[in-house]
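Sequences listed follow chains A and B, in order. The first sequence begins at 1 in my numbering and counts up by one. The second sequence begins at 1001 in my numbering and counts up by one.
Do not rely on the hints blindly, as some may be mistaken.
Covered by chain A, per the in silico footprint, the following chain B stretches (three or more residues, Cβ under 8 Å) [said to hold, decoys possible]:
#: 1; segment: 1057-1068
#: 2; segment: 1106-1117
#: 3; segment: 1153-1161
#: 4; segment: 1171-1185
In silico negatives: residues of chain A with every beta carbon more than 12 Å from chain B [unchecked claim]:
#: 5; residue: Arg-71
#: 6; residue: Phe-83
#: 7; residue: Leu-95
#: 8; residue: Met-182
#: 9; residue: Val-206
#: 10; residue: Glu-225
#: 11; residue: Leu-276
#: 12; residue: Phe-294
#: 13; residue: Ala-320
#: 14; residue: Lys-352
#: 15; residue: Val-365
#: 16; residue: Thr-368
#: 17; residue: Ala-426
#: 18; residue: Pro-440
What the hints contain is simulated information worked out from the structure, not anything from laboratory work. Idealized CB from N, CA, C, for every residue including glycine.
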Amino acid sequence: MAAGVAAWLPFARAAAIGWMPVASTPMPLPPQEKRRTKDGLLVLNVSGTRFQTWRDTLERYPDTLLGSTERDFFFHEETNEFFFDRDPDIFRHILNFYRTGKLHYPRQECIAAYDEELAFFGIVPEIIGDCCYEDYKDRRRENQERIQDDEDIEQSNEPVPVDMSFRESMWRAFENPHTSTMALVFYYVTGFFIAVSVLANVVETVPCGTAPSRVKVMSCGERYELAFFCLDTACVMIFTVEYLLRLLVAPSRYKFVKSVMSIIDVVAIMPYYIGLVMTDNEDVSGAFVTLRVFRVFRIFKFSRHSAGLRILGYTLKSCASELGFLLFSLTMAIIIFATVMFYAEKGMSGSKFTSIPAAFWYTIVTMTTLGYGDMVPKTIMGKIFGSICSLSGVLVIALPVPVIVSNFSRIYHQSQRAEKRRAQKASKEAGQALVCKANPNFEVHHHHLLNCLEKTTNHEFVDEKTYEATCKDVTLLKQVSCSSSISSSSTHGLSSCCGRRKRKTFNVPNSNMSVGLQGSLQELSTIQIRERPLTNSRSSRSSLNAKFEETVPLNCDQPYITSAIISMPTPPGTTPEGDESTSSTDYSQANIVRVSAL
Amino acid sequence: MGLVMGTFSLQSKQVSYHKDKADDDLEMTMVCHRPEGLDQLEAQTNFSKRELQVLYRGFKNECPSGVVNEDTFKQIYSQFFPHGDASTYAHYLFNAFDTGHTGSIKFEDFVTALSILLRGSVTEKLQWTFNLYDINRDGYINKEEMTDIVRAIYDMMGKYTYPALKNDAPKQHVDAFFQKMDKNRDGVVTLDEFILSCQEDENIMRSLQLFENVI
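Turn these sequences into a full structure, and let the hints guide you.
Next up, the structure:
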């Protein structure tokens, strides 16, 4: 797409002649044309396979090996061609990228070899087209995991690095029990006490036989009250100590307190302390008993010990909407059948179907094919509807189960994919911003075109923030309109039209101003207003501060000095080489930070 | 039951959407047009063979079928003006390029228009521009047509401009234009008035030469 649009620039510029009679102000001068190198065919010999392409095609992406002067290093004088000692099969895809603007990843190639070729030719993998991007990332992730597994095995045989602080080593011990013996011991001890605590809770309620002084059967908890109390105290002690220790050594205490595991820990030990505090009042003892239920949450503490539990919890969470929908439709069916059964059995005397909510119980029991038999219809209509209910219950319950299973697996993969895509999106856009760098020639002419439009309408492009700022402050307009005729207005227009580039996702990927560059663009747009008083100091560099946005009333006398880092494409009239030399080295910085003269 | 119906209805919706799209694409690729020979085009226009080759390669890349319909045209033109809405002006441009009123621009139309705009004489350029402004092709530019054109140009600027665009900015612009161009004050601008007025204005004359070295 990039190449295509650039090819239509002559048309867009020619069409601008349509504005000329309408404009009342003179147009800016067109940018100087570089002496154009002849468009010729280049021969690329890759390990014997000859590829040929136009020079222009390669120069669409000046940030890569083939598009820049770096390819001269591979020029072979005797045969008058460029020779690369690389894989021709993968090179085919790389050359197609220049031709079509889309980089594809072939399935049958090894991911490591492909990555190597991309790195050699200076192409960032993030610009792989959507069609192949997922596959590429999946393969890459698998490869990384394989490497990571190998490393982990190696690492676990390594001794612990000595220079970790006590806090860090404690945290490490908590999170990875197998790293040291102490951690393992602690892990098993806590696990044991969790089990003991849960078991005690369970055994407490078992009837233990009568005590000599009482008539009715007592539960074990009441009989051996002291023993159970001591056991409970011991467990809670251990849990409290463990929780406090974890809190102490956590790298981010706030994050730790917010985490699910810590909440479970707190809920597990709270009832004991509340029980200690509360008196033996009859009114509150009911509530106290309810609190004891929460002790069963200690069993969730096992999820630290079991990865399976964690996965189950996560999948339930991700499946929640499907389960909710299932519940909703089940509820609908239950209500329908309960109503029908109630009205069918209404006439019958001694009927158990006393109300519709009472009939809910019958419907649920019948639909899930439990059939307790505590409520049965006695009328004929009731029996008919009852059988319809149980038949449909079979369908309703049995059919969604595979749907839920497949939904679950689909959702699980989808959520994984969505998360992957979200994570990849940011790096993808950054990558696209890098590689789809402007053909500087194109940018220069495009800016001149936009500048002509500004001149035709006597308005300038600004970005949203500046627009709102100027709308609010009327006095600003008066101050700013001091010098309207600026000699090198083309540069001015350049800075202004770059400023608002961040608002829309510019479809022309040739632009190096894309969504990721908001910060620097913001500064640029505010420069535009401040520049108006500045007449001829094109060679001076203005200082960029965050304060630019605040200093709304312009002071025409303010000096603009010191070097600044501004991101913008080359202004017309200056050669683009200066920019490229600074950017060719560091890709991550390439389009974001460049020094340019204003 | 509700559950089953719900689940099935959910899925069927997605399927139908994809099916329609595939059919549309199939139809589009059927139309194909090849231009006249290179020699003929060279004779008809002011471009050299090489320039025609470069132009055609770009054209073919973007429109493999050989013709540009209005939507594609608007899309391409809008990519150069991302801030505002270039579709109205692109519509007028399309009509100006499509001299045969066929609804699509072939390469010959494209190249003919570019030849006038980039390599033509001043009179030819002004004539082409007059044709662009004269929306209903009646030989006169009246205020409504001019207002439409100027509004379309202002639309390309978008919302965020400095100074902020007022609603009557196009109107003022049109009034100024008519003040200059309409010599006999009859409310319309004819081709001769147009050419005469433009030749008197130095700015316009200079700006017409602006894009000569584009290719």
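Here's how the hints hold up against the structure:
no.	hint	result
1	1057-1068	holds (count 5)
2	1106-1117	holds (count 4)
3	1153-1161	holds (count 8)
4	1171-1185	holds (count 4)
5	Arg-71	22 Å, holds
6	Phe-83	27 Å, holds
7	Leu-95	16 Å, holds
8	Met-182	53 Å, holds
9	Val-206	41 Å, holds
10	Glu-225	50 Å, holds
11	Leu-276	48 Å, holds
12	Phe-294	34 Å, holds
13	Ala-320	16 Å, holds
14	Lys-352	26 Å, holds
15	Val-365	19 Å, holds
16	Thr-368	14 Å, holds
17	Ala-426	22 Å, holds
18	Pro-440	17 Å, holds
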